[in-house]
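Input sequences plus hints: build the corresponding full structure.
As you go down the protein sequences, you meet chains A and B in turn. Its first residue numbered 1, the first sequence is counted upward by one per residue in UniProt numbering. Its first residue numbered 1, the second sequence is counted upward by one per residue in UniProt numbering.
I should point out that these hints are in silico values taken from the structure, not numbers from a laboratory. Worth double-checking, as some hints may not be accurate.
[What the hints assert, rightly or not] If you anchor each label on the Cβ, the simulated ranges turn out as follows: (1) E196(A) with A20(B): 35 to 41 Å; (2) E63(B) with E192(A): 17 to 23 Å; (3) E24(A) with A235(B): 45 to 51 Å; (4) D178(A) with D81(B): 34 to 40 Å; (5) V47(A) with R197(B): 41 to 47 Å; (6) R197(B) with D117(A): 45 to 51 Å; (7) E30(A) with E161(B): 34 to 40 Å; (8) D40(A) with R197(B): 34 to 40 Å; (9) W218(B) with T159(A): 39 to 45 Å; (10) E30(A) with L234(B): 48 to 54 Å; (11) W35(A) with A89(B): 25 to 31 Å; (12) R197(B) with S43(A): 52 to 58 Å; (13) A89(B) with D77(A): 25 to 31 Å; (14) E24(A) with A20(B): 39 to 45 Å.
[Stated by the list, open to error] Computed footprint of chain A on chain B, listed as stretches where at least three residues anywhere in the stretch have a Cβ under 8 Å from a Cβ of chain A: (15) 65 to 78; (16) 185 to 195.
[Stated by the list, open to error] Short derived list, chain B residues pointing at chain A, Cβ under 10 Å: (17) R93; (18) Y94; (19) E155; (20) P159; (21) E161; (22) R260; (23) G264.
Ideal placement from N, C-alpha and C gives every residue a C-beta, glycine not left out.
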Amino acid sequence: MDSPTLPQALAALRAELVEAVPHEAAEWLEATLGWAADADWESSFAVATRRVGRGALPVSGMPAADAARVLLLHAADADLATVTRLYQQGDAAERRAVLQALSYLHLGPEAVPLVEDALRTNDTRLIVAAVGDYAAAHLDQHQWRHAVLKCVFTGVPLTAVSGLATRTDAELLRMLGDYAAEREAAGRPVPEDVGEVLAAQPPHQPQHPQEP
Amino acid sequence: MRIFDPHIHMSSRTTDDYRAMRDAGVRALVEPAFWLGQPRTNVGSFLDYFDALLGWEPYRAAEHGITHHCALALNPKEANDPRCVPVLAELDRYLRKDSVVAVGEIGYDSMTPAEDEALAAQLQLAVDHELPALVHTPHRDKVAGVTRTVDVVRESALPTERVLLDHLNETTVAAAKDSGCWLGFSVYPDTKMDETRMVRLLREYGTEKVLVNSAADWGNSDPLKTRRVGEAMLADGFSDDEVDLVLWRNPVAFYSLSGRLDLGERPERDDYAGNVLRRGAPADS
Ligand SMILES: [Zn+2]
Numbered sequence: 001m002d003s004p005t006l007p008q009a010l011a012a013l014r015a016e017l018v019e020a021v022p023h024e025a026a027e028w029l030e031a032t033l034g035w036a037a038d039a040d041w042e043s044s045f046a047v048a049t050r051r052v053g054r055g056a057l058p059v060s061g062m063p064a065a066d067a068a069r070v071l072l073l074h075a076a077d078a079d080l081a082t083v084t085r086l087y088q089q090g091d092a093a094e095r096r097a098v099l100q101a102l103s104y105l106h107l108g109p110e111a112v113p114l115v116e117d118a119l120r121t122n123d124t125r126l127i128v129a130a131v132g133d134y135a136a137a138h139l140d141q142h143q144w145r146h147a148v149l150k151c152v153f154t155g156v157p158l159t160a161v162s163g164l165a166t167r168t169d170a171e172l173l174r175m176l177g178d179y180a181a182e183r184e185a186a187g188r189p190v191p192e193d194v195g196e197v198l199a200a201q202p203p204h205q206p207q208h209p210q211e212p
Numbered sequence: 001m002r003i004f005d006p007h008i009h010m011s012s013r014t015t016d017d018y019r020a021m022r023d024a025g026v027r028a029l030v031e032p033a034f035w036l037g038q039p040r041t042n043v044g045s046f047l048d049y050f051d052a053l054l055g056w057e058p059y060r061a062a063e064h065g066i067t068h069h070c071a072l073a074l075n076p077k078e079a080n081d082p083r084c085v086p087v088l089a090e091l092d093r094y095l096r097k098d099s100v101v102a103v104g105e106i107g108y109d110s111m112t113p114a115e116d117e118a119l120a121a122q123l124q125l126a127v128d129h130e131l132p133a134l135v136h137t138p139h140r141d142k143v144a145g146v147t148r149t150v151d152v153v154r155e156s157a158l159p160t161e162r163v164l165l166d167h168l169n170e171t172t173v174a175a176a177k178d179s180g181c182w183l184g185f186s187v188y189p190d191t192k193m194d195e196t197r198m199v200r201l202l203r204e205y206g207t208e209k210v211l212v213n214s215a216a217d218w219g220n221s222d223p224l225k226t227r228r229v230g231e232a233m234l235a236d237g238f239s240d241d242e243v244d245l246v247l248w249r250n251p252v253a254f255y256s257l258s259g260r261l262d263l264g265e266r267p268e269r270d271d272y273a274g275n276v277l278r279r280g281a282p283a284d285s
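What follows is the structure, encoded as structure tokens:
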């Protein structure tokens, strides 16, 4: 059952996943996505890794189980209560899948607490998943800047941050500039990607501030 | 020497310990659920702990190239506390998780009726979830405790071949071996077993179905005791292959009974579109 509204990115992901996994797993996936609108798809969500394996997809690099779970959440059109429960009761991989799926679901900003929860951890698997399109769309400017700083402090490359080019403002540049100065004062290297952001938009020449 | 520590409480250890373990040859471990060093006062305290065993600890371990799985359960000590017992109702959803490879540690502490109930209920949970069980044997009144533990296991629907009896010693190994269970030994600096006595038992009872762990926890313990046992075995004339059997293949075989043990590459560590490749930036957030 192909959802007529399957976004292009998910359609590509689904094709890549079906192609990459063994025949049996692909059949399971097609069947379980077909039921997702009604039946007990949450059981499929739980066992996804055991069904499609631990491997990563060849093109996107996404773990196959993450892809399967994101597709399931979308096919089920999971609501806020459901994603919240699956996140709270999930292990790290399940939580990561929920975070990655948020931007494909019919959710407004109500799921921001899940992103905030992930950003409170020091688990980079969760932090990477938390700073995607959903965060770019719904975190307020203060939260979003701190999400970027969290990436910097936990070693998550800034390429993981959605909307970096459009949401970077003078205040974030000031924060990154201070961070770079603190690193230099301590005789430590400034991460390359931080240096690149600063070089592109030096903090002493602020762009148009975008206070929320 | 590749080492699988089949019973170690990493949440009570520092990140330095992970580094030292990796340097000593530890590549995989199982962390069974136990207490917090002081009594829990509510079920939520278990849930946060289980979440850590499914999230943060595997992450911390992976940072040092160690694969982390866990066993989950209501521990014997807290099975006696009515504030804790309701966690039994929460275990069902946790035991479905990918990195859970056993129910444990369960068993007896003071051999009370409450412990009887928790043990029987959790052996049944192991059956329901097709998991093996890690069964702690009591430190006080140990010989009687092992006999009673084996009786309860026999009365359960879980075959003894799917049970690991842990914290065994000279006085309990024979009964445990007769039961058909797997045999676990915790090697400690000054309690439980030490490496010299461990080698003696391996000489006497053989290496089959024997697992050695450091159990390292809040007490005086040493997460490198598995390595010390391997060295003591070699010094005593055991072959590299026998050391590998005890320190790697036996724990792999036991936890593989879950069908969930995964010692392969973790895509999320290194390959995920470069996303989680660390830049070597400070991690002191
Ligand atoms: Zn223990």
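Taking the hints in turn, this is what the structure says about them:
1. Look at E196(A) against A20(B): about 36 Å separates their beta carbons, and that is inside 35 to 41 Å.
2. E63(B) and E192(A) have their C-beta atoms about 21 Å apart, which keeps the hinted 17 to 23 Å range intact.
3. Taking 45 to 51 Å as the suggested C-beta distance range, the pair E24(A) and A235(B) conforms, at roughly 49 Å.
4. The hint said 34 to 40 Å for the Cβ distance between D178(A) and D81(B), and at roughly 49 Å that hint is violated.
5. As the Cβ distance of V47(A) to R197(B) is approximately 43 Å, the hint placing it in 41 to 47 Å holds.
6. Between R197(B) and D117(A) the CB atoms are about 47 Å apart, so this pair conforms to the stated range of 45 to 51 Å.
7. Look at E30(A) against E161(B): about 38 Å separates their beta carbons, and that is inside 34 to 40 Å.
8. Checked against the hint of 34 to 40 Å, the C-beta distance between D40(A) and R197(B) comes to roughly 52 Å, which is inconsistent with it.
9. Between W218(B) and T159(A) the beta carbons are some 41 Å apart, a value that agrees with the proposed interval 39 to 45 Å.
10. For the hinted restraint 48 to 54 Å between E30(A) and L234(B), the CB-CB distance of approximately 53 Å keeps it satisfied.
11. Distance hint check for W35(A) and A89(B): the Cβ-Cβ separation is about 28 Å, which falls inside the suggested range of 25 to 31 Å.
12. Between R197(B) and S43(A) the beta carbons are some 47 Å apart, a value that contradicts the proposed interval 52 to 58 Å.
13. Under the hint 25 to 31 Å, the C-beta atoms of A89(B) and D77(A), about 30 Å apart, fit the expected range.
14. Checked against the given bound of 39 to 45 Å, the beta carbons of E24(A) and A20(B), roughly 42 Å apart, stay inside it.
15. Closer than 8 Å: that is the beta-carbon criterion, and the region 65 to 78 of chain B has 0 residues meeting it against chain A, so the requirement of 3 is violated.
16. Counting residues of the region 185 to 195 of chain B whose C-beta lies closer than 8 Å to any C-beta of chain A gives 0; at least three are required, and the coverage claim is violated.
17. Because the closest C-beta pair between R93(B) and chain A is about 6 Å apart, less than 10 Å, the hint holds.
18. The restraint placing Y94(B) at the interface with chain A holds, with a minimum CB-CB distance near 8 Å, inside the 10 Å limit.
19. The beta carbon of E155(B) is not positioned within 10 Å of any beta carbon in chain A (closest approach about 31 Å), and the interface hint is therefore violated.
20. At its closest, the beta carbon of P159(B) sits 22 Å from a beta carbon of chain A; the interface hint therefore is violated under the 10 Å criterion.
21. Because the beta carbon of E161(B) sits about 23 Å from the nearest beta carbon in chain A, more than 10 Å, this interface hint is broken.
22. Because the closest C-beta pair between R260(B) and chain A is about 7 Å apart, less than 10 Å, the hint holds.
23. With its C-beta approaching chain A no nearer than about 6 Å, G264(B) sits inside the 10 Å limit, and its interface hint holds.
Hint compliance for this structure: hints 4, 8, 12, 15, 16, 19, 20 and 21 are broken, all remaining hints hold.
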